[in-house]
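Chains as they are written, first to last, in our numbering: chain A, 1 to 448; chain B, 1 to 448.
The set of hints was computed from the structure by calculation and includes no laboratory data.
Watch out, some of these pointers could steer you wrong.
Claimed, not checked - Stretches of chain A that chain B covers, calculated by requiring three or more beta carbons in the stretch to come under 8 angstroms of a beta carbon on chain B:
#: 1; segment: 128-135
#: 2; segment: 141-152
#: 3; segment: 230-236
#: 4; segment: 281-294
#: 5; segment: 305-319
The beta-carbon is built from N, C-alpha and C at its ideal position, and this holds for glycine as well.
Letter by letter, the chains look like this.
Protein chains: 2
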Amino acid sequence: MSLQDKGGQDKAGQDKDGQDGRPQGGDSTPAPRPGLSRRRLFGAVGAGAVLAGAGVAVGRLTAPEAAETSSSTVTFHGSHQAGIVTPAQDRMHFVAFDVITDSRDELVAMLKKWTEMAARMTAGEEAAADGAIGAGEYNPPTDTGEALDLHASKLTLTIGFGPSLFEANGKDRFGLADKRPAALADLPKFTGDALEPARSGGDIAIQACSDDPQVAVHAVRNLARVGFGVVAVRWSQLGFGRTSSTSTSQTTPRNLFGFKDGTRNIKAEDPSAVSEFVWVDPQDDQSWMAGGSYLVTRRIRMLIEPWDRTTLHEQERVFGRSKGSGAPLGQKTEFDDLQLEAKGAGGKPVIDKNAHVRLASAEELGGIQILRRGYNFTDGTDGFGHLDAGLFFIAYCRDPQKQFVPMQQSLARNDALGEYIKHVGSAVFAVPPGVREGDYWGSTLFET
Amino acid sequence: MSLQDKGGQDKAGQDKDGQDGRPQGGDSTPAPRPGLSRRRLFGAVGAGAVLAGAGVAVGRLTAPEAAETSSSTVTFHGSHQAGIVTPAQDRMHFVAFDVITDSRDELVAMLKKWTEMAARMTAGEEAAADGAIGAGEYNPPTDTGEALDLHASKLTLTIGFGPSLFEANGKDRFGLADKRPAALADLPKFTGDALEPARSGGDIAIQACSDDPQVAVHAVRNLARVGFGVVAVRWSQLGFGRTSSTSTSQTTPRNLFGFKDGTRNIKAEDPSAVSEFVWVDPQDDQSWMAGGSYLVTRRIRMLIEPWDRTTLHEQERVFGRSKGSGAPLGQKTEFDDLQLEAKGAGGKPVIDKNAHVRLASAEELGGIQILRRGYNFTDGTDGFGHLDAGLFFIAYCRDPQKQFVPMQQSLARNDALGEYIKHVGSAVFAVPPGVREGDYWGSTLFET
């Protein structure tokens, strides 16, 4: 019975490049990579089993509803990690781990295992070759199974290493202390910070982004699963909607204050800005970081109830943009230039001197830019009758000390938005370069 | 500048049924209802503004990525509320409120306002006619704006009234005590319950379901906004993936244990089962509940780490189904009959006597069925190195005392799954009938 069932599926599982004859679906997203999805794998089960004469029929595994999933995959291997300049997917699961072993070998073994799994899962395959039902009846499955019928939906997995991995309490935990980049300093305390330790820091971070939240959650959960005994989840955050575009092909989404967010973000289509502000300068950093970046996360609670009771005038003053169109105040359309010097009635600046758009602008920050890749979140209630909602801010930059820190120092002191938000979580991670075939996440750090 | 900008948009906003000339998009979901989406409204801004000669250009409001949103709407008015037998949407935001006023008039006024807003938002419109930018610069916007560019994506909003609305601490709070249905008794304590008060109960519940999470969150947030002073959020829960099919048109999704969930659920296409098990019996309930139902929610934490370390054999024994195909053990395909009497080697039952599928079956429960409509959730970490993840169970039934309670009593005592789950939140609500044009949520309760 169930053994026979699984036998048939194992057999077919080895033939996962086989065609299954189901329609391809009207997927309009870029870079479809046919032939390697879990759905197709399962489709192939039926054909394989029947051909093998095993008498195994297949359950109802029809094509998903059109809007549900996408068979598009994002290439895992490369000189940079995916998930940074990749056009931001719709959903996110971010997790920070504490490393709980003292063994460098165990840590490296886990990173090698993780890399294999990440390459598979981002291709829409199960976490391991034997997977949810092929590891034998008396073994735990090597994939947890909740994404069995789902496409990759552009899943990317991006890893980062926190300052505490290199050194904690003065201790060189894994012989990495002299590899710690200067740029990976702990962030300073900013004005108004209300950080919760349980939502901050971490030795290792994984950012999982996908258009399907179940696919992102599945990936994080399976990495956590095989990390048992080596890492433990320190905090995690689900983001339900992207708040920044990272490509000119995307429309600018809205944050939970109802404003378009990320209009002036660095876009993947601007390689010189990406090169200057995102990827590390190989002349000015640890050599193992060449091709890498730095990642800053901030869990920003939005005080949406007070916000919702302010006037439109105040809201637009705070952001410096029109709420409807997203145009800078004084301008007509979203992508019009900021006119920071423009004066209105009585000589007052059209864009308030403390407007968010002004203080976050490269013009006011000596040319500094960062690549934002944040997500909206809503996590239940705060216990005081309010929704616990806000923006999970993610930024990639070449050097947080020279980009994020001065930007946030300015914003924390003066941003008119500060009255309506609270930073409750914070972390910084060094994001190693992309993985080449045969290498693993962090190999440039651990093997040099 | 921004005033002029808004002036132009106000004007166009009044013409929101106007055609905007943008392509309709290749939406494949059922019951598209053209002409009433927020996106179309905003599209109309440009045309209206240009025609009015106001000189207002429009920002980049192009069509969404194909998989992102759907323009389909679900009809709000009717004899039953939507969101019960409606094919389960992909995402959910559920909120339970405490009523914080003593005034029945304030409560009724809020319910009337909510009903208007719900009818608008489920049609893809802003929460109020003037909306995010049309209420005047010196007023708070009447829509919070984060869904301005999004379609309805099949949004449904479903209201329920908890036992404590009728009577709390022996007090008839709003003159409703004699209207309290017998079926709306508090749930008994079940074996193993580990309920947290902050995740349980509530005077009023709103279930918001949509294929786009931002649309569901927007709806709940706007209802909470106008409820200020009348209600406060008691708890809320985001669900990222549906776990049950409520229509034969849907594939059966998987829960976070990797198993197909809801194969034997009541389906909308079985009107006699819906009539018998979901809608109240008008002969045997309060008259104001005719056309209504009852809603039980249980926040079920899944202990996924222990689960992930069990064998496939144990996992399939616990559920009584094959993990891959979802077939009942001993059968071949998902929708094959349960063979509860079948014996295997040594005379042992093929489906374990404590298997979940057996104990939850109508066969073992004297014919009882319920309509399940739950969602997977992942909410950060539990502080012990584990993901806080599980199933937000939602069930609709004619009488929880006769359906959910005996079912859960049997499951709580004997279900093999009990070792791997923990019920941490619980609530029950009376779900009034659907709203007819001109009526409001709860009018049958308050007006009789």
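So, going through the hints one by one against the coordinates:
Interface restraint, the segment 128-135 of chain A with chain B: holds (3 residues with C-beta to C-beta distance below 8 angstroms; minimum three). With 8 residues having a Cβ less than 8 angstroms from any Cβ of chain B, the segment 141-152 of chain A passes the three-residue criterion, so the hint holds. Counting residues of the segment 230-236 of chain A whose CB lies closer than 8 angstroms to any CB of chain B gives 5, which reaches the minimum of 3, so the coverage claim holds. By the rule of at least three residues with a Cβ nearer than 8 angstroms to a Cβ of chain B, the coverage given for the segment 281-294 of chain A is violated, with 0 such residues.
Taking a C-beta to C-beta cut-off of 8 angstroms, the segment 305-319 of chain A contributes 9 residues in contact with chain B, enough for the three needed, and the coverage statement holds.
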